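**Student:** So you can see what is in the structure, the chains are spelled out below.
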Amino acid sequence: MPRKVCVIGAGMTLFRRRMLETPKELAFEATRMALESAGIERKEVDTVVAGSAPDAFDGVHMKGEYLLDGSGGYARPYSRVFVGGATGVYTPIAAWWHVASGLSDVCLAVAEEKMSPLQPHPQYAFWSIFDHTIERPLGVTLLWIFALEMRRYMHAYNIKEEEIALVSVKNKANALDHPCAQLGAKITVEDVMKSEKMVWPVKRLDVSPTSDGAAAVVLASEEFAKRLTKDPVYVAGCGWNIDSTYWTNRDLSYPQYLENAARMAYKQAGIKNPRKEIDFAEVYDPFDYKELHHMEGLQFAKKGEAPKMTASGMTQRNGEFPINPSGGLLGVGNPIAAAGMMKVCEVYFQLTNQAGKRQVKKEVHTGLAQAWGDLMQYSSVLILRRN
Amino acid sequence: MDLALNEEELKRWSDHIPLMWKYTAGIAGERFLQLLKQGTLQASVCKNCNKLFLPPKIFCKDCFAQLNEWRDVSPDDGFIYSFTSLTSGDGRRTVVLVKFDGVEGGLLGFFKPGREEPKIGMKVRAVFKPKQERKGSLSDIQYFEKI
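Protein chains in written order, with our numbering: chain P, 1 to 387; chain A, 1 to 147.
Hints are computed from structural coordinates only; laboratory data are not their basis. On a predicted model such as this, the values are computed, not experimentally measured, just so you know. Just so you know, even glycine gets a beta-carbon here, dropped at the ideal spot from N, CA and C. There could be a bad hint or two in this list.
Some chain A residues close to chain P (C-beta under 8 angstroms, calculated; not the full set) [claimed, not checked]:
no.: 1; residue: 17
no.: 2; residue: 23
no.: 3; residue: 26
no.: 4; residue: 29
no.: 5; residue: 62
no.: 6; residue: 63
Construct the complete structure from the given sequences, taking the supplied hints into account.
**Tutor:** Structural data, given as structure tokens:
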């Protein structure tokens, strides 16, 4: 049986398009805040896991070893994990098994991404993730395949662009209350519809920005956590799963790999009815349609029905089932790995009533964070619970 | 259909990954480089661990304190920790790793060209380029020379 594991602290930097701080300095600031939030010193940390997406963003090969000093990993058992955009939620999962296994009492999980160095645009890092024989000769970009996925999702369930735009409107408004947010804004569905068409049906305001930032959480054994608080936040479940690299062979209207990851986490957490037993969720939303797609993969809504739930207001911060009360990637920003970790931080802040103006209205005990990545094929799911 | 087995007939092509980067020096780096441009060296100080870091950092990797205090390090107080010679390219150049007493870290640079041979432990000074040629980069130190 794995040991019970708790989250005892969380911290994050500002998310901005371009930060002066080096990647190491960003990692330090988030890590320092997480340690302060936990009320512990680095000397009490046994192991460290860092997470960061492609080296190409920060422009430092072997980013793991580069980040280690700033992540508090010096002279510790330290490793870097990397599963593309899903890294931010996978990093605390990796930290979980460090503690659950009995290997360490305290494990730091740090995620960092500095996208701004890459010129002329961070999207260029993605040119080379495609098959060099079949896809690259066409000049395929990530936006193409997201547009294809969005289009297929809309087609499968007869969903309108306006229904999808509601997600962007909600998340950007939520982000107005996040002190670290890059793109909080009061916008309308019409603003989204009128924004620049990038790769139809993807428009400018359907997409999250590129960002620099870092975020961190501290995980500890139950015994250690109970020395700090009588009422700790537990890791109730975690899951991860990956689909084929042949993205052309998948059902683009439904993320089966996410369902697999979610079921793994629900089984561990003893959750039978996720919609009823989970109080709120931080769902990965690099694009507005992805929040809906992911809500269905997570079994929060039936296939094709997440837009209806959104339109009903249920997913608003003060609604019955808040989704992305932080403001999500669309509003807070998207420094890839750090964005996923920001979601884990938000679940921790909400469960410990530290979310300030973002605190959801209803009482919450169970929250979920999810991220998605690699060649739109990977999902990581983490469930936190406080009694 | 017969596949070509002749290497000349096999498909192959060149492509490249078109990436460029614009880096920032960071909080510590920005200050360090501006000071170099003025011809001075400063280390950041960790009071908890009683350590000086050069190149400077904004944090102590050991105790993880944020470092806000900086202290001058005399460019004349270096010594050669190790060295090597580059014999390819445009003539021979000697690379030195220079450390400073009581300071953690060190600076990589070139030894002054000439007849003097470097030795491990040799006391050296950092010689800066003329002020108008300095750019706020590591290359503002023209070379290290024997004292």
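**Student:** Holds or violated: residue 29 of chain A as interface residue toward chain P, Cβ cutoff 8 angstroms?
**Tutor:** 7 angstroms, holds
**Student:** Tell me if residue 63 of chain A is really an interface residue toward chain P, meaning its C-beta lies closer than 8 angstroms to one of theirs.
**Tutor:** Holds. Min distance 7 angstroms.
**Student:** Using Cβ atoms only, decide whether residue 62 of chain A comes closer than 8 angstroms to chain P, and label the hint accordingly.
**Tutor:** 7 angstroms, holds
**Student:** Is the interface hint for residue 26 of chain A satisfied, with its Cβ closer than 8 angstroms to some Cβ of chain P?
**Tutor:** Cβ of residue 26 of chain A sits 3 angstroms from chain P, so the hint holds.
**Student:** Classify the hint on residue 23 of chain A as holds or violated, based on whether any CB of chain P lies nearer than 8 angstroms to its CB.
**Tutor:** 5 angstroms, holds
**Student:** Hint residue 17 of chain A vs chain P: min CB-CB distance below 8 angstroms?
**Tutor:** 5 angstroms, holds
When the structure is compared with the earlier hints, no violation turns up for any of them.
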